[in-house]
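> Please model the complete structure; the sequences and the hints are all you need to start from.
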Amino acid sequence: MGPKGQPAPAGRGSAAATPEQRTEHLASPLGIGMVGYAFMGAAHSQGWRTAGRVFDLPRRPVLSAVCGRDPAAVRVAADRLGWAAAETDWRALIARDDVDVVDICTPGDSHAEIAIAALEAGKHVLCEKPLANTVEEAEAMAAAAEAARARGQVAMVGFNYRRVPATALARRMVAEGRIGTLRHVRVAYLQDWLVDPDAPLTWRLRKESAGSGALGDLGAHIIDLAQYLTGERISGVSALTETFVRERPLAGGPSGGAARGQVTVDDAALFTARLPSGALASFEATRFASGRKNALRIELNGELGSLAFDLERLNELSFHDHTEPGVSAGFRRILVTEPDHPYLDAWWPPGHGLGYEHTFVHQARDLVHAIASGTGPEPSFADGLQVQRVLAAVEESAAKNSVYTTVPA
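With my numbering applied, the sequence shown corresponds to residues 50 to 458, in that order.
For the record, the hints were derived by calculation from the structure and aren't laboratory data. Treat the hints with caution; some may be incorrect.
Claimed, not checked - Below, in silico cross-link-like pairs of lysine to aspartate or glutamate (EDC-like), each with a Cα-Cα straight-line distance of 16 Å or less:
id, residue 1, residue 2
1, K256, D359
2, K449, D241
3, K256, E296
4, K342, D241
5, K342, D245
6, K342, E373
7, K256, E291
8, K342, D370
This is the structure in structure tokens:
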């Protein structure tokens, strides 16, 4: 990553490389081992498979092994997703000589144990968000990452929405002062997959496995994205959370059946926040917004202008320049598909948009560059810890009837 959180120059920067240089790249594999192969595992696999075929990378990602508990299922997943081998014990995966990077795509309750073991074994680590289920776990992970950093290892958190070209462009514009002094941040992440009260009780609805509900699943994303775009860290929050459906059918049982279990996480979270600059922010995360499938929207208002992004229109960025005469001023659409936009000189001609899966390609690209250059990747485990502290402050505030709660520095 470049200065102020901007992506390093992306694309086929070595397009003029000699055949000898390309051969050298091919002779420098970077073995990837992934734990977990469901939704995020499939997305990360796509990123690792594609990154070296789109970008000229200093190391060549090799999909060495994937790990899961069910021998038959993980073998099927390995074949489908392109992994050379399958393991059923994550400790065995970490011990493999052909694994240089451990990519963790498991529920949050196992993040700390796997990540710390991988770092202590000398591996680089990529861990899905949120970093952990508790602040204490996240602190231990950040400490392990700091110790590993001294040995030349890197550790990164998978906040993939930083890797949308439009959000990376927004970060660049904020850093360049295009919207001036920040006044407001307004962000919501809305889904509807739990509206049905007979939707099954999955691991995401149990605190012991997921840590929290919509707050950690969706809220972690928008906390990180807001802080990334503004360049500021949330200093305090006032929050509400609610669980609308408190019992659900056990997973694997008949829909609406008698066997039901307790939902122990939030279904929705609302909170306001302060930033150190004095700007005010509002956040909403819910899995009960009927009709909203994966709607993430964020707007920044400053003294000189505003920026707005909608994930459902992820190749676009809306920008209002408040210094223009009012008679012609207004929001205008920036189509973020030009080769000088972040990441896009490696992709298609202008006007040919990207999709959700490309964020994971960019994530893999950035991590490979960080490993090869020995620089700390962003977001780091320390960044993930800070997000975890915001999540904890939201829970604490909600438990105390929305009392304003400071986020520890």
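> Does each hint hold? Answer for all of them.
Hints, verified against the model:
| no. | hint | verdict |
| --- | --- | --- |
| 1 | K256 to D359 | 30 Å, violated |
| 2 | K449 to D241 | 27 Å, violated |
| 3 | K256 to E296 | 14 Å, holds |
| 4 | K342 to D241 | 6 Å, holds |
| 5 | K342 to D245 | 14 Å, holds |
| 6 | K342 to E373 | 36 Å, violated |
| 7 | K256 to E291 | 14 Å, holds |
| 8 | K342 to D370 | 31 Å, violated |
When the structure is compared with the earlier hints, violations turn up for hints 1, 2, 6, 8 and for no others.
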